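Given the structure of chain A, go ahead and fit chain B onto it with the hints provided.
Given next are the chains, with one letter for each unit.
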Amino acid sequence: MQTKTNKIDCSFVRRNLFSSQEKQLPDKELNEFEDHLHLCEECSRIVSDFQSVTSFIDKKKSDEPSPFIQTRILQRIETQMGGAGKVANPFLQRILRPISVSFVLLIAIIIGFSIGKHRETRFSDNIDHQNDLQTMKSELNISDFIEDNTFFDNH
Amino acid sequence: MHHRMTEQELIDGLIIQNKESIQFLVNNYQKNVIKTAYYFVANMEDAEDLSQEVFLEILKSIGRYKKNSSLYTWIYRITVNKSLDHLRKQKRRNFFQQVGLFLQDSNDGTNRSDKEPAITDTRNDDKEKRKILDNAVNSLPENQKIAFILSKYDELSYKEIAEIMNLSLSSVESLIHRAKMNLQKKLMNHFSEYANKNK
Numbered sequence: 001m002q003t004k005t006n007k008i009d010c011s012f013v014r015r016n017l018f019s020s021q022e023k024q025l026p027d028k029e030l031n032e033f034e035d036h037l038h039l040c041e042e043c044s045r046i047v048s049d050f051q052s053v054t055s056f057i058d059k060k061k062s063d064e065p066s067p068f069i070q071t072r073i074l075q076r077i078e079t080q081m082g083g084a085g086k087v088a089n090p091f092l093q094r095i096l097r098p099i100s101v102s103f104v105l106l107i108a109i110i111i112g113f114s115i116g117k118h119r120e121t122r123f124s125d126n127i128d129h130q131n132d133l134q135t136m137k138s139e140l141n142i143s144d145f146i147e148d149n150t151f152f153d154n155h
Numbered sequence: 001m002h003h004r005m006t007e008q009e010l011i012d013g014l015i016i017q018n019k020e021s022i023q024f025l026v027n028n029y030q031k032n033v034i035k036t037a038y039y040f041v042a043n044m045e046d047a048e049d050l051s052q053e054v055f056l057e058i059l060k061s062i063g064r065y066k067k068n069s070s071l072y073t074w075i076y077r078i079t080v081n082k083s084l085d086h087l088r089k090q091k092r093r094n095f096f097q098q099v100g101l102f103l104q105d106s107n108d109g110t111n112r113s114d115k116e117p118a119i120t121d122t123r124n125d126d127k128e129k130r131k132i133l134d135n136a137v138n139s140l141p142e143n144q145k146i147a148f149i150l151s152k153y154d155e156l157s158y159k160e161i162a163e164i165m166n167l168s169l170s171s172v173e174s175l176i177h178r179a180k181m182n183l184q185k186k187l188m189n190h191f192s193e194y195a196n197k198n199k
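Heads up: the protein sequence lines correspond to chains A and B, in order.
If you read the first sequence in my numbering, its first letter stands for residue 1, the second for the next number, and so on.
If you read the second sequence in my numbering, its first letter stands for residue 1, the second for the next number, and so on.
There may be inaccurate statements among the hints.
Claimed, not checked - DSSO-like mimics (lysine-lysine), calculated; alpha carbons at most 30 Å apart, straight line:
#1 A/K60 - B/K129
#2 A/K59 - B/K131
#3 B/K60 - A/K59
#4 A/K137 - B/K31
#5 B/K66 - A/K23
#6 A/K61 - B/K186
#7 A/K59 - B/K31
#8 A/K61 - B/K129
#9 B/K89 - B/K127
#10 A/K59 - B/K89
#11 B/K159 - A/K23
#12 B/K60 - B/K89
#13 A/K23 - B/K129
#14 B/K91 - B/K60
#15 B/K91 - A/K60
#16 B/K31 - A/K61
#17 B/K129 - A/K59
#18 B/K186 - A/K23
#19 B/K91 - B/K19
#20 A/K23 - A/K61
#21 B/K89 - A/K60
#22 B/K159 - A/K61
#23 B/K185 - A/K28
#24 B/K186 - B/K66
#25 B/K89 - B/K66
#26 B/K127 - A/K23
#27 A/K23 - B/K60
#28 A/K60 - B/K31
#29 B/K186 - A/K59
#30 A/K28 - B/K186
#31 B/K131 - B/K66
#32 B/K127 - A/K28
#33 B/K19 - A/K59
#34 A/K61 - B/K127
#35 B/K89 - B/K129
#36 A/K61 - B/K185
#37 B/K129 - B/K186
#38 B/K127 - A/K59
#39 B/K60 - B/K31
#40 A/K23 - A/K59
None of these hints come from the bench; they were simulated from the model.
Model, not experiment: these values are computed from the prediction.
Okay, chain A solo, but in the shape it has when bound:
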């Protein structure tokens, strides 16, 4: 319910909820603040609600983690890093990783080239083979005979 106090007093109270709670207002203002609460029911309710909700800041501070958390953290570190204390030096890891990746890439490129070259050789061998065959056919004069499709024609 609204009271004998004016709006400025109410707005002052509502702007200084934290300051009054933390006792950061000058004594005179703090007294006026408290006097106002005796007169204004709504501000008094707001201050009480505010204190009740913000009291959970302190309650939250007293919440404790699981007593086994240290073991869990150390286990996780060990699992993730392959055993604490036994892990390869991260500096070495930073160097070894790109070297091994480059090496694998190089091998892949070499294999790719050799496969390509092999196919090319087979293709050129094939061409040579066909050329030899052609020469042989012409020398024996049987090329037309074989290539003549009409020979197999039903007509």
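The following block gives chain B in isolation, referenced to the frame of chain A:
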């Protein structure tokens, strides 16, 4: 029990992934890491999972750690970043879930708000109050949220927050002031909505 280790000894040990140094790191920083993550994500299990990610990240990036800030500040920075990443992912997941629910509701021809029970008395329900606070903090702009959480929950000094956030002291002061103003406004809106519902 681990013997004392200087920051430099710890860093050197972590670079070569020395087991004792890793144990010393986890033993000394786990509580701060989990708690800070918890203040951001508001769920202890998620915070514990995040802490594992934070320690893995520390071990992965320790070689790049520059000594222009303390190790403690650097670890805070990693924790805050991991927590914010988690919140962003969660936000995206929630968005798609909401879209899914909306589509499901459209197909069913029903309105979900009709199915869910109305919240009874929020002022008497601790869980609900926590949720109101978490939602209000979470809805703050990112920089205000970080400054507010590190100040109010982690109880760090403005100087420490300035170092973690790479900002000047005055910027941190201003962020925390604006965060408080915004939070007051958000909570007030919630209270008046609640009061109107119960009129």
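Comparing the hints with the structure gives:
1. A hinted pair counts as satisfied when its Cα atoms are at most 30 Å apart, and A/K60 with B/K129 qualifies at roughly 12 Å.
2. Note on A/K59 and B/K131: the hinted pairing holds, with a Cα-Cα distance of about 13 Å set against a maximum of 30 Å.
3. Note on B/K60 and A/K59: the hinted pairing is violated, with a Cα-Cα distance of about 34 Å set against a maximum of 30 Å.
4. With a CA separation close to 92 Å, the supplied pair A/K137 and B/K31 exceeds the 30 Å bound.
5. With a CA separation close to 40 Å, the supplied pair B/K66 and A/K23 exceeds the 30 Å bound.
6. About 22 Å separates the Cα atoms of A/K61 and B/K186, which keeps this hinted pair within 30 Å; it holds.
7. At roughly 16 Å between alpha-carbon atoms, A/K59 and B/K31 fall within 30 Å of each other, so this suggested pair holds.
8. A threshold of 30 Å between alpha carbons decides the hint, and for A/K61 with B/K129 the separation of about 15 Å falls inside it, so the pair holds.
9. For the hint linking B/K89 to B/K127, the alpha-carbon distance of about 24 Å falls within 30 Å, and the restraint holds.
10. Taken as a hint, the A/K59 and B/K89 pair is honoured in the structure, with Cα atoms around 27 Å apart against an allowance of 30 Å.
11. Proximity of B/K159 to A/K23 is assessed by CA-CA distance (about 21 Å); at most 30 Å being required, the pair is judged to hold.
12. The hinted pair formed by B/K60 and B/K89 meets the criterion: a straight-line CA distance of about 22 Å does not exceed 30 Å.
13. Under the criterion of a C-alpha separation no larger than 30 Å, the hint pairing A/K23 with B/K129 is consistent with the structure, at around 23 Å.
14. Proximity of B/K91 to B/K60 is assessed by CA-CA distance (about 27 Å); at most 30 Å being required, the pair is judged to hold.
15. Straight-line distance between C-alpha atoms of B/K91 and A/K60 comes to about 22 Å, which keeps the hinted pair within the 30 Å bound.
16. Taking the CA atoms of B/K31 and A/K61, the gap is about 11 Å. The hint holds against a cut of 30 Å.
17. For the proposed pair B/K129 and A/K59, the alpha carbon gap of about 11 Å is at most 30 Å, so the pair holds.
18. Between B/K186 and A/K23, the direct Cα distance comes to roughly 21 Å. Compliance with the 30 Å bound is thereby established for this hinted pair.
19. Between B/K91 and B/K19 the CA atoms are separated by roughly 37 Å; this puts the pair beyond 30 Å, and the hint is violated.
20. Under the criterion of a C-alpha separation no larger than 30 Å, the hint pairing A/K23 with A/K61 is consistent with the structure, at around 20 Å.
21. A hinted pair counts as satisfied when its Cα atoms are at most 30 Å apart, and B/K89 with A/K60 qualifies at roughly 23 Å.
22. Of the supplied pair hints, the one linking B/K159 and A/K61 holds, its CA atoms being roughly 21 Å apart against a limit of 30 Å.
23. Taken as a hint, the B/K185 and A/K28 pair is honoured in the structure, with Cα atoms around 24 Å apart against an allowance of 30 Å.
24. A hinted pair counts as satisfied when its Cα atoms are at most 30 Å apart, and B/K186 with B/K66 does not qualify at roughly 39 Å.
25. Taking the CA atoms of B/K89 and B/K66, the gap is near 29 Å; set against the 30 Å cutoff, the hint holds.
26. Distance restraint check for B/K127 and A/K23: the Cα-Cα separation of roughly 27 Å lies within the 30 Å cut-off, and the hinted pair is therefore satisfied.
27. With a C-alpha separation of about 44 Å, the suggested pair A/K23 and B/K60 falls outside the 30 Å cut-off, and the hint is violated.
28. Distance restraint check for A/K60 and B/K31: the Cα-Cα separation of roughly 14 Å lies within the 30 Å cut-off, and the hinted pair is therefore satisfied.
29. Straight-line distance between C-alpha atoms of B/K186 and A/K59 comes to about 20 Å, which keeps the hinted pair within the 30 Å bound.
30. As the CA atoms of A/K28 and B/K186 are separated by approximately 27 Å, the hinted pair is consistent with the 30 Å bound.
31. Our distance criterion of 30 Å between C-alpha atoms is broken by B/K131 and B/K66, whose separation comes to about 38 Å.
32. Of the supplied pair hints, the one linking B/K127 and A/K28 is violated, its CA atoms being roughly 36 Å apart against a limit of 30 Å.
33. For the hint linking B/K19 to A/K59, the alpha-carbon distance of about 35 Å lies beyond 30 Å, and the restraint is violated.
34. For a cut-off of 30 Å, the pair hint linking A/K61 to B/K127 stands: about 15 Å separates their Cα positions.
35. A threshold of 30 Å between alpha carbons decides the hint, and for B/K89 with B/K129 the separation of about 24 Å falls inside it, so the pair holds.
36. Using a Cα cut-off of 30 Å, the hinted pair A/K61 and B/K185 holds, with the two alpha carbons roughly 23 Å apart.
37. Simply put, B/K129 and B/K186 have alpha-carbon atoms about 13 Å apart, close enough for the 30 Å limit, and the pair holds.
38. With a C-alpha separation of about 12 Å, the suggested pairing of B/K127 with A/K59 holds against the 30 Å cut-off.
39. Annotation: proposed proximity of B/K60 to B/K31 holds, straight-line Cα distance about 20 Å (limit 30 Å).
40. The hinted pair formed by A/K23 and A/K59 meets the criterion: a straight-line CA distance of about 20 Å does not exceed 30 Å.
When each numbered hint is compared with the structure, violations occur for hints 3, 4, 5, 19, 24, 27, 31, 32, 33.
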